[in-house]
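Asker: Construct the complete structure from the given sequences, taking the supplied hints into account.
There are 2 protein chains.
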Amino acid sequence: MSDPAERILTGCHASAGQVIRWIEDGDRRGVAALKHLYPHGGHAHVIGITGPPGAGKSTLVDALIAELRGRALRVGVLAVDPSSPFSQGAVLGDRVRMQRHSTDPQVFIRSMATRGCLGGLARATSEAAVVLAAMGQQVVLVETVGVGQDEVEVAELAHTTVVVSVPGLGDEVQALKAGILEVGDVFAINKADHPGCEDTEKHLRGMLAMRAVEPGCWQPPLLRTVAHSGEGVPELADACIAHRDFLGEAGRLEEADARRGERVFRALLGELCAEALLARAEESPAHASLLGAVRAREIDPYSAAESLVSALAVRGGDAPR
Amino acid sequence: MSDPAERILTGCHASAGQVIRWIEDGDRRGVAALKHLYPHGGHAHVIGITGPPGAGKSTLVDALIAELRGRALRVGVLAVDPSSPFSQGAVLGDRVRMQRHSTDPQVFIRSMATRGCLGGLARATSEAAVVLAAMGQQVVLVETVGVGQDEVEVAELAHTTVVVSVPGLGDEVQALKAGILEVGDVFAINKADHPGCEDTEKHLRGMLAMRAVEPGCWQPPLLRTVAHSGEGVPELADACIAHRDFLGEAGRLEEADARRGERVFRALLGELCAEALLARAEESPAHASLLGAVRAREIDPYSAAESLVSALAVRGGDAPR
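If you're matching them up, the sequences are chains S and F in order. For the first sequence, position 251 (counting from the first letter as 1) is numbered 288 according to our numbering, and the numbering increases by one without interruption. For the second sequence, position 202 (counting from the first letter as 1) is numbered 239 according to our numbering, and the numbering increases by one without interruption.
By construction, these hints were calculated from the structure, which means they are not laboratory data. Please note: incorrect hints may appear among the correct ones.
As the list claims (entries may be wrong) - Heads up, incomplete: computed chain S residues facing chain F, CB under 8 Å, no partners named: (1) Y75; (2) E299; (3) G307.
Remember, predicted model here, so these are calculated numbers, not experimental data. No residue lacks a Cβ here, since even glycine has one placed at the ideal position from N, Cα and C.
Answerer: Spelled out as structure tokens, the structure:
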């Protein structure tokens, strides 16, 4: 068995690590492995854990791992580090604690980093989740550090999104959180033993009450947790599983997976189209002279790109049957 | 004069707002205006202001506006709100203060939001900076809220990147900051009257000392500011201007602008290529059946997209001359 994809299907951690590295690096072997793994990757419950820096997400993930292991579930963790384009995937201090689980053969933990390309991190994380699901991890926890765009991506990737808040954050962070309220399926106020918890809960309940709720829709629960003591963590796990069951009963789990496949297909299609035509565009003599003119500000980049592509497009062939 | 681009060149704020809205919405009229404005948009000093939530960036920007206005400079401000895909561009509380400058005809302030597309915010902000430069704003301040990927984008957009720190942030945020150290041209410890400033400064100096510095390179200064009293703000403005002068003397300002044009050209080219071929791909009967198979998990999305694009590509024409 020399094929890493085959070895992943038998639960090999080292091969999973290898394939995820290929995915991060944009190595073609990553795509080859994904083709093989994709049919086996549809059965994990992907749970996104998101919230502002300092909310104790890593400690909460650590506690969730212990809780899910206690239920004999195989767990995968992807810790997304958006700062890593610069820090080259350095492991954050808070995440060190989590590594105590890494000697458990039923737990796979990986920090996700990506160099360069925007949007690449969400894509790589989504693909890494396919790898972990194919390896047989029944739950995949995806933790993001950061505020903003990351939440959107996690929400698209996950079946269940947990939004973690914390008492006593400043106004600016609270305002930011308003944006992610709409993507949360489960809300947790972590560090619930800290002062200000009542206020935070009241504030969140007020904002949740403004969400449009249609009949038959999921009602997002709001829970209190103290990650470092484990308080509230079983209830948090229950809430996530209840949400998955809700999706399953309503046929939405399958729909979500179908939609995810469709999204990957469309994104790839765009990418491969760009690649195929871009290669031709870049070979053309017009490309070099237009690029020079753009750099010298003799032409604006919009007109330059349009003229090059329209010259290519008129020569394009017919659609295939 | 019915053309908004023409009116922007004469300093019309309303037209600038209109064109920026088109840009955010992906309206074609935005591109048409940009083609017109681009040749006039190369002369502003774009300063990115970045750092973790709660560092007081908005207050610092507010103080910088006052300082730069005192030097008779025309100022544009783009406040980037990455949470806005959900919150629909809500103005954050801290940014309300800044609006006191909005009655000054020499100051233009805009919150940047974008719906949907990833990477769209950086692109729209970059294009809005072109609009403000063409309107005659001599300095454009670009403020981001958020930690992570946003910093990368601001650094690519700005001539000068100011990284704002603050005393007493938690470990997680400090670790995140390690990633953005490498993009900073000027470092400011804001709220320098708060306890813990010495420690933060020591910590930052230690990290900056590890940066590889080649002879003839810019040495990033580290300053203390108290934005709400204005302390240290003139020195911060001086440092930014000194950095721009450094870039100008070394010929790097021109090179940075040429690179920016090149980046826009390449990104557009990829986009237009994708668009041109994607339209053909989506029209083909093979597209519908492959999409159905992907949704039903009968084929993986990678193989599906590849087979569709390779069928299209072999029928493509020659490169234009």
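Asker: Of the hints given before, which are not true for this structure?
Answerer: none
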